[in-house]
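Enquirer: Place chain B on chain A using the hints.
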Amino acid sequence: MGRTLVSITQQLAQAEERLGRYRRALARADQKIFDDLFALARRRLAAASMAADPLPMQIILLGMLIGTASAVAGLAARVDALEHDRNFPPRLDP
Amino acid sequence: MIATSLRAWILDLYPGNEGIVLWLKAEDGRALRAVDRFPMTFFLAGEGPDLRAAWKELAGWKKGLRLARERRFEIHLGEEIDLLAVTAPDPIAYRAAVREALKRWPPGAGDGTGLSFYNADLDPAIVYGIERGVFPLADCRFTLEGERVLGVETDQTRWDLDAAPPPFCVLTLRLAGELRDPSRGYRAPLEIASPAGTRSLAWDSPRELVQTVRETLLAADPDVLLTAWGDSFLLPELLRLSSEQRIDLPLNRDARRDVLRKSERSYFSYGRIVHRASSVWLFGRLHIDRQTTFLADEYGLDGLVELARTTLQPLQQVARTSSGTGISSMQVAEAYRRGWLIPFRKRQPEDFKTALELVRADKGGLTFQPEPGLYEHVLELDFASMYPSLMVKYNLSAETVGRPCPQCLAGQNGGPAVIPEIGYPVCQCRKGIVPLTLEPLLTKRLALKRAARALPEGPEREVLRRRQVALKWLLVTCFGYLGYKNARFGRIEAHESTTACGRDTLLQAKEIAEARGYRFLHAITDALWVRREGSTDEDHQALVEEIGRTTGVRIDIEGVYRWLAFPPSRQYAASPVANRYFGAFEDGKIKMRGIEARRHDTIRWIRDAQVEMLEILARAQNAAEYRALLEEEVFALARVRLEELRRGAVPPRMLAICHRLSHPPEEYRTNLPVALAARELAARGVHLAPGESVEYVLTLGGGARPYDAWRETDCVDTARYRELFLRMLESLTMPAGLDRAKIVARLEGVGQEELPGMPPRLEWWQPGPVEQTDPVPVVASIREWKLEEAIKARG
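First to last, the sequence lines map onto chains A and B. Counting from 732, one number per residue, gives the positions in the first sequence under the numbering used here. Counting from 667, one number per residue, gives the positions in the second sequence under the numbering used here.
With the rest of the complex left out, here is chain A (with noise of 0.2 angstroms):
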């Protein structure tokens, strides 16, 4: 389209290999989650680009937090329905 900027899309691909060598030094299982964040904040690039942030590294972390924050929210919703479906005893006190 001749755009002069860098799109969003691609900043965050740049961003991702950037920290490539973070990733290779990163645990097996930190490196899964480190993927899986990044999904996150791929799943909400359309934010990201209305953001139109000069810092586009703060709006990819913020992708990952509400992402992740979504994600516990779905768990306590779950842990809710199976304490209340299945008259889980009241919790014991240590």
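Derived from the structure by calculation, the hints contain no laboratory data. Keep in mind that this is a model prediction, so the values were computed, not measured. Just so you know, even glycine gets a beta-carbon here, dropped at the ideal spot from N, CA and C. Please note that a few of the clues may not be correct.
DEER-style ranges, computed between Cβ atoms [what the hints assert, rightly or not]: (1) A:738 <-> B:864: 50 to 60 angstroms; (2) B:1414 <-> A:807: 38 to 48 angstroms; (3) A:762 <-> B:1335: 43 to 53 angstroms; (4) B:1078 <-> A:738: 54 to 64 angstroms; (5) A:738 <-> B:1330: 30 to 40 angstroms.
Expert: Just chain B, lined up with the frame of chain A:
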């Protein structure tokens, strides 16, 4: 000489020495030549003394030029300016005078003269159409005196819906058998089909061949010569043989003109290299090569006729130019009709912006990535011609964006419109040239679509469909032309405003859908996919009505999918790819985008297999049936196809990979299959230019053989084709949770274990509350963050 009156269609028109030469198709079927005297004018603008000096000099040129002072409206300045009008007696003299004037006063030469040129590169055919109120293929009444046109009028307009095309007499020329490029060495008898019948002619008796073509041309006297590879091979070859055999070949009707040949060229467009074949233009007869015609397969001759009429370009030109040229011609026509000046080589630098403003403005359409998987009961909504509609709605044009006029600033007409997100003010007092051009086009396309919908399935409906598709391409291009630096009426700020309005419109639609309880699955620029458990047709209707009302842009229901699949990206398994999906509507119709069967670079064997598989899957009413059909029928079909490959029963034609060359063959440094094939063709004397395609078949040992050089003894590399096949199959199975290992297990006939039910799903992307209104989407996730696994791995 007595004046005669005649009803006729304008078949073709081009500039000649005496004026505009017209070829008319009379009611009784005769074709005749007519000439209309037609002076043409260009303008010079500048400081008074410079204009006076230019006047003096031009007066001495003695080329029959008429000089006059005029004032006309300059759209970029927003006011009328003083001009020197230079009128040449005919279009040829006009071009010569412009050429000479440009040499004498080069624009932007910096020698202090500072003259600007206007209306200096107009297409005579288009200007003629505007001046006389006619257009190519219009049904007109002519008053003639011999060949001389005394008057012409028509009741038709470019915007008529029910204009029947002229009764063309068509002659087709092609090689017999399958459509294959003869310049790669393929030969088959020449097939010539006229209303009198079809004949097949051998190339090894050239004298007889040329003689027969000549006789057929003379007997049929066709208006249209429809060819396959006529531009690059058939007509050049026939002309060569005709001069070799000294037999005159009357390809032109106009005996005063020679056939015009334009050479091939390669150029960059949208980041890839494009090749335009050489072309052969006829005079008085229309040569259309279906192989070089832009999107010929999509809209055919009906679409071309529609384009010629609306864009005012003669048919041969329309068949060989892109829709960008079409929209550009329409803008020129609109400006000319209003007497506005048409800038020559525009000098419109980009406005100054701060870095932050650039970050905000320099963006395209909005894309919401879908979550890979298989979904049920999905509603697809499409904005109708979103960008053109927004240009009309907001009055977006080079001369209006960021240029509010004084009346506008004083608050007239509600003051300037302000573009969302980027804040450019847009003048609302004066309609811009871009909206003025687009408005009738949008109206016509919508009317054609409606008329088509009102008809039953059949040839009449198909004609209307083709006509509206041709117009669609004009509308699609008009947006790109706003930002194209060489477009006369383009300006980057207008382009940015269009995408900003588009993003805002899409976000409004998203907000409305979510407020009505829909879950937002995916959106690209002007289309969105949403779902809500148990939503009805009435709910959907209410949704589009609210979106249309709020955004001011028409939005249509494309359909409701029984199931819709978003395959994951090959690069990032947890991420999808925008605009890659397939699904079955409620009526069983399949829609697919971006998957193998839709891609031009997919080989036929794979494309056919995928289409066949999708036809099976189209029977599925829901995700569970989709999975069952995969297991019961699709894998069985896959086994049959792979077995055929293994046995060598797949013809090489089905395995030929089509690849566009990015370099000339000798410049490839690697041994990629395409390089191997291109080099072999080049060694066989085939001329290949960047942007042209080569077809090759993968052979054993990592090799590749051009399809045109295939030998019986060549061995197909079945392993590489099997790999391509499995990838295609993955597109269909991955959304249902079957990855490569599971596919391979099923193809070997092992591991036919019961498909596990839906895995318990962690909703990473949906916060709790929304999930409660829209419980458990029918999604088989490809890859989830398995928390348990992660914890275990850490110890």
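Enquirer: Look at each hint and say if it fits the structure.
Expert: Going through the hints against the structure:
Between residue 738 of chain A and residue 864 of chain B the C-beta distance comes to about 53 angstroms, which sits within the given range of 50 to 60 angstroms. In this structure the hint that residue 1414 of chain B and residue 807 of chain A lie 38 to 48 angstroms apart at CB holds, the actual value being about 43 angstroms. Between residue 762 of chain A and residue 1335 of chain B the CB atoms are about 35 angstroms apart, so this pair departs from the stated range of 43 to 53 angstroms. Distance hint for residue 1078 of chain B and residue 738 of chain A: a CB-CB separation of about 39 angstroms, inconsistent with the stated range 54 to 64 angstroms.
Range check, residue 738 of chain A to residue 1330 of chain B: Cβ separation about 31 angstroms, and the 30 to 40 angstroms hint holds.
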